[in-house]
Every structure is written in structure tokens, then in C-alpha cells.
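J.: Sequences are here, hints too, so could you generate the full structure?
Okay, here's what each chain looks like letter by letter:
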Amino acid sequence: MTKPLVAIRAVAKNFGEFQALKNVSLDVWPGEVMCLIGASGSGKTTLLRCINQLAMIDSGGIWLDGELLGVREQGGRLHRLNEREIGRQRLKTGMVFQRFNLFPHKTALENVTEGPLQVQGRKADEVRTEAVELLRRVGLSAKADSYPAQLSGGQQQRVAIARALAMKPMLMLFDEPTSALDPELVGEVLAVMKELAKSGMTMMVVTHELGFAREVADRVVYMDQGAIVEQGRASEVLGAPREERTKAFLSAVI
Amino acid sequence: MKPVPALAEGFPDLSGMRVAREPHWFRWLSAALIVLVLAAIGRAFANGQIEWAYVSRFLTAKVILEGIVNTMVMAVLAMALGIFLGVVVAVMRLSPNPVLKTVAAGYTWLFRGTPLILQLLLWFNLALVFPTIGIPGLWSARAVDVMTPFLAALLGLGINQGAYTSEVMRAGMLSVDIGQYEAAQAIGMGRLRALRRIVLPQAMRVVIPPLGNEFIGMVKATSLASVIQYPELLHNAENIYYANSRVIELLIVAGLWYLLVVSVLTPLQMLLERRFARGTLRLAR
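If you read the sequences in order, they're chains A and B. Using this note's numbering, you'd call the opening residue of the first sequence number 1 and step up by one each time. Using this note's numbering, you'd call the opening residue of the second sequence number 1 and step up by one each time.
Since the hints were made in silico from the structure, they are not lab data. Glycine is no exception: its CB is placed at the ideal position from the N, C-alpha and C atoms. Wrong hints could be hidden among the right ones.
As the list claims (entries may be wrong) - Only part of the chain B face toward chain A is listed, based on derived beta-carbon distances under 10 Å:
#: 1; residue: 190
#: 2; residue: 191
#: 3; residue: 198
What the hints assert, rightly or not - In silico DMTMM-like links for lysine to aspartate or glutamate, alpha-carbon gap of 25 Å or less:
#: 4; chain 1: A; residue 1: 106; chain 2: B; residue 2: 182
#: 5; chain 1: A; residue 1: 198; chain 2: A; residue 2: 27
#: 6; chain 1: A; residue 1: 168; chain 2: A; residue 2: 27
#: 7; chain 1: B; residue 1: 101; chain 2: A; residue 2: 85
#: 8; chain 1: A; residue 1: 3; chain 2: A; residue 2: 32
#: 9; chain 1: A; residue 1: 22; chain 2: A; residue 2: 224
#: 10; chain 1: B; residue 1: 101; chain 2: A; residue 2: 83
#: 11; chain 1: A; residue 1: 3; chain 2: A; residue 2: 27
#: 12; chain 1: A; residue 1: 106; chain 2: B; residue 2: 273
#: 13; chain 1: B; residue 1: 220; chain 2: B; residue 2: 273
#: 14; chain 1: A; residue 1: 168; chain 2: A; residue 2: 32
#: 15; chain 1: A; residue 1: 168; chain 2: B; residue 2: 182
#: 16; chain 1: A; residue 1: 106; chain 2: B; residue 2: 177
#: 17; chain 1: A; residue 1: 106; chain 2: A; residue 2: 130
#: 18; chain 1: A; residue 1: 3; chain 2: A; residue 2: 218
#: 19; chain 1: A; residue 1: 194; chain 2: A; residue 2: 218
#: 20; chain 1: A; residue 1: 198; chain 2: A; residue 2: 65
#: 21; chain 1: B; residue 1: 101; chain 2: B; residue 2: 182
#: 22; chain 1: A; residue 1: 198; chain 2: A; residue 2: 188
#: 23; chain 1: A; residue 1: 198; chain 2: A; residue 2: 32
#: 24; chain 1: A; residue 1: 92; chain 2: B; residue 2: 182
T.: Here is the structure:
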């Protein structure tokens, strides 16, 4: 019997008075492509950041590949993991940011090789070969020696995807990957993500691209005010929503 | 649908007409005035009680050249110590650890809060407080032998510089987008590695202009070490005029050398800036 790759149980996260996540529970299965939709402030980005431990949850638990994230249970109490252990857990996930966050002082190729070389300590020639192949896969072979400032937004985001893939993650997290792009550049990034989904990668995608969700997602999760309101197959949630709040959101977006 | 209207009449074709150069009378007038004033000042000095022969004779005197070498050695070493301390203290200041934070803030407070010349005198006179210094049971020496003018100047200037540089470095690190730090974390980097590989190289671009400023300040601040007998440029110039009483001539010699050094440093700074501008389209022009 297979186990979920990510198991989220009763997770809550507050920013001061504001409840970003309220009692969220969710499973993500190996090979699944999940799209998280909802208005800004609904908690979908926070959920992604908690899985990658860029934000620490206040209560509940997240298990990745069977391992509890961020804390260790010992003698009936939870103890925070140290930075090194958190870094090791982060290697299982790759993150793609809304604003790309490429390292501006490094070329496209150096952005991709930085993690494998510096963090994983792998051999330079092997890492280089893989990075060249990854850049080819995202259609940027010709741009290996360009600096981020010389690339368009769509090209930068594709390099960012290659950089995340270079760490060989089990799970890819996409935080509104096309929201900062000019409309004509959205397609090239979505195409790379589609190809990645087809290759069997487990993906969680926070997005406003409902067309992408309809076409690629195995499951769509609609969130509102820090809670999951409705989830199911893309055709169900997007085509025939049951909840009033989902209907209201979808009619506002389309 | 309405047809798109034809272009309206009454707006003549300006292509081929050049923009005329303005005469800028006021600029010419003010420039002429400044040249006149400078000439008057120059004439006053030329006719004043200055023996220019002494200036040219001592400009390349051996003692003066040794002084400028000692000045540069001290400025470079003290600045290196200052930058090292500055980076360490800035990283401590930005750490989540309250102990490190407080220690860093205390260091900056103490060494920025007292005059540099007082700190130099304190280091130089350390022997009055601790006649012997050392590690109990391992090594010990008389403080007067250890605390030479060189070491006292290096510690005084370097540690003081570190307090200022730490704030420059902290500003540089804060100028780097938080997303850079998150991206570094997302590929598994720890805090220190992210600082060293990702944040500091980007901060360098921002901190080089103020650091260049600080270094120019340091070259001149070494002259304060003359009060603790460190044989730098001003100290050596003073020793000569104590003997021959040509005070102004030797001060002019020292002044010319300081000006020359600072003039050479400015293009060096531009080279450094270009080096760290990698990846940015807006190169320093």
C-alpha cells in the first residue's frame, strides 16, 4: 500500500493576530499534480512555505516522505530541529518563487550548479553535465552563460525551475510561478511545468491559471480564509463546484 | 464603425531642424571669476614666507618616503582588520541569537562612542594597567615590549574602523532582497553559507563606495598615530621641522603626499566596483 508523499494534519499558522492557516489537513500522493486556488490571503502560499519550512507552523504536523518536518518527538514533547537538519529536509523539496529569486551575480548555469556543488558537495563535471541537460530541458541551452538581468521574466522563471530540479527533489512547490510575468511569457513557463507533470513529478502549484489547472491538475484544492473549502478532480471543482464560496470565487475570476 | 480620421493640418514637419546650442554666459563668467580667485591665492602663497626650495627638497627625502610607506602599510593593515571585524560584527548583529546581537551592539557602542585619538593613547599606554601580559603558565611578556607603536596603532585604528565598517556591512546586507535569502535556503543552504555565497557578494556592490570613503578616511587617520610615536608620514615630517623649523614647508610636503595617495585610490575603487557589478546591466559609469 502506498503512502502519501506529504501528509498535513491539523496545521495552524498565525502571523500575529492574523490566522493564515486554520486546522488544515491534506494528503499529496506520489506523482500527483495538485493545484491550490483561492483569493490572495487565503493561505495557499503560506501552506507551501510551511512545507518548505520558510515559515514554521504553530501547531499540527507535516510529514514529508514519512518524516516529521521541523521538529522531533521525544519524551512526549516536540523539540525544534537545528538548522542543519532543516536544511537536509529542505533538499527533498524544490521551490519556485513568484519573483524568480535567481542569484543575480551568477550566470544561468551557475544558478543551477550552485546547490549541487555547494550544498550537496557533488563532483563538478557531473553536476555541470546535468545542469546543461536541465537547461536544455527548459529550452535555454543558448542562455547558459547569460546573467539573470539579461533574461526575460519567462526565461528567468525557467532557469529557476531548472535550479530547483538540480537538487533532485521528490516534490516541486510552485508559488504563483506566472503571476509576475507579462501575459505573452506565461505560456512558455506553463509548457515547462506541463512537461514536468507528464514526467511523473509530484507537484503542488499555487496558481491563478485555471486553464492550466483544468488541463494538468489531478486535483484542485480551493482555499479561503486559511481553510480548505472544497477539493476534488479539476473538472468537478472548476466545472461543477458544490460550495457557494467556490462558485463566487470562480465567477469572479472567469 | 467610424473611419480613423486623417492627420490634422497645422503641425509643421520639424525633422532636419537641429537643437541650437545655448551660449551659457553665466557659466563662462563664473569660471573666469574662480580662475581669478585661484590665481590671487596662488600669488599670495608664492610671495608669502615659504621657501619652496625646501618643499621640493624634502618632497622625496628618504625619511618622508619611509613615512609614506609606513602610512600605507598601516592604512592597509588596519583597514583589513576593520573589514574583518566589520563583517563578523555585522553578521552577529543580524543573527537571531540575542547574546551575539548584544555583544555586537556593545562593541559598536564602545568604539564609536570614544575619540579615536583617546583609543590610540589607551592602547599605547596599556602597560600602565597591565605591566605584564600573557597566558598564565604558557607565555608572558612585559607589556611595554609587546605594545609597540606599530601594534598600538594597528589595534587602535583597526578596532575603531571595525565599529564603523560593521554598520556599512549591515546596511549592505539589508539592501539584498529577502527573496535571495529564501532562495538560498530553498536549495538547502544554512544561514552562514547563504551569507557567504549569496548575500555578501551582492552586498559588496553596495558597500564599496562607502568603504572607499572609509579607506580614504583611514589613510588620513593614520596621522593620529603620530602622537604614539608611529613613524608615519606626518610624524616624520614633524621630526624634520623640529630640527630645521621649516614648519609650513614640511606640512605642505605631507599634504601633497596625502593628496597624491588619495588621488590614486579613486580609480582603484572604480576598478573594484566594476568587478562586483557582475550580472547587473547598470554598470558604474
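J.: Please go over all the hints and tell whether each is borne out by the structure.
T.: Do the hints match the structure? See the list:
A least Cβ separation of about 5 Å between residue 190 of chain B and chain A falls short of the 10 Å threshold, and the interface hint therefore holds. With a least beta-carbon distance of about 6 Å to chain A, the hint placing residue 191 of chain B at the interface is held under the 10 Å criterion. With a least beta-carbon distance of about 6 Å to chain A, the hint placing residue 198 of chain B at the interface is held under the 10 Å criterion. Using a Cα cut-off of 25 Å, the hinted pair residue 106 of chain A and residue 182 of chain B holds, with the two alpha carbons roughly 16 Å apart.
In summary, the hint linking residue 198 of chain A to residue 27 of chain A is supported, as the alpha carbons are separated by about 20 Å, within the 25 Å threshold. For the suggested pair residue 168 of chain A and residue 27 of chain A, the alpha carbons sit about 21 Å apart, so the restraint of at most 25 Å is met. Between residue 101 of chain B and residue 85 of chain A the CA atoms are separated by roughly 24 Å; this keeps the pair inside 25 Å, and the hint holds. Annotation: proposed proximity of residue 3 of chain A to residue 32 of chain A holds, straight-line Cα distance about 12 Å (limit 25 Å).
Restraint check for residue 22 of chain A and residue 224 of chain A: satisfied, since their Cα atoms lie roughly 10 Å apart, inside the 25 Å limit. This hinted pair checks out: residue 101 of chain B and residue 83 of chain A have alpha carbons roughly 18 Å apart, not beyond 25 Å. With a C-alpha separation of about 9 Å, the suggested pairing of residue 3 of chain A with residue 27 of chain A holds against the 25 Å cut-off. Pair hint residue 106 of chain A plus residue 273 of chain B holds up; C-alpha atoms about 16 Å apart against a cutoff of 25 Å.
Using a Cα cut-off of 25 Å, the hinted pair residue 220 of chain B and residue 273 of chain B holds, with the two alpha carbons roughly 22 Å apart. Distance restraint check for residue 168 of chain A and residue 32 of chain A: the Cα-Cα separation of roughly 17 Å lies within the 25 Å cut-off, and the hinted pair is therefore satisfied. Distance restraint check for residue 168 of chain A and residue 182 of chain B: the Cα-Cα separation of roughly 18 Å lies within the 25 Å cut-off, and the hinted pair is therefore satisfied. This hinted pair checks out: residue 106 of chain A and residue 177 of chain B have alpha carbons roughly 15 Å apart, not beyond 25 Å.
About 17 Å separates the Cα atoms of residue 106 of chain A and residue 130 of chain A, which keeps this hinted pair within 25 Å; it holds. Between residue 3 of chain A and residue 218 of chain A, the direct Cα distance comes to roughly 17 Å. Compliance with the 25 Å bound is thereby established for this hinted pair. Distance check on the hinted pair: residue 194 of chain A and residue 218 of chain A sit about 12 Å apart at the alpha-carbon level, within 25 Å; holds. The straight-line distance between the Cα atoms of residue 198 of chain A and residue 65 of chain A is roughly 21 Å, inside the 25 Å bound, and the hint therefore holds.
Simply put, residue 101 of chain B and residue 182 of chain B have alpha-carbon atoms about 22 Å apart, close enough for the 25 Å limit, and the pair holds. Proximity of residue 198 of chain A to residue 188 of chain A is assessed by CA-CA distance (about 16 Å); at most 25 Å being required, the pair is judged to hold. At roughly 10 Å between alpha-carbon atoms, residue 198 of chain A and residue 32 of chain A fall within 25 Å of each other, so this suggested pair holds. Of the pairs offered as hints, the one joining residue 92 of chain A and residue 182 of chain B holds, with about 16 Å between alpha carbons and a cut-off of 25 Å not exceeded.
Every hint from the earlier list agrees with this structure, and none is contradicted.
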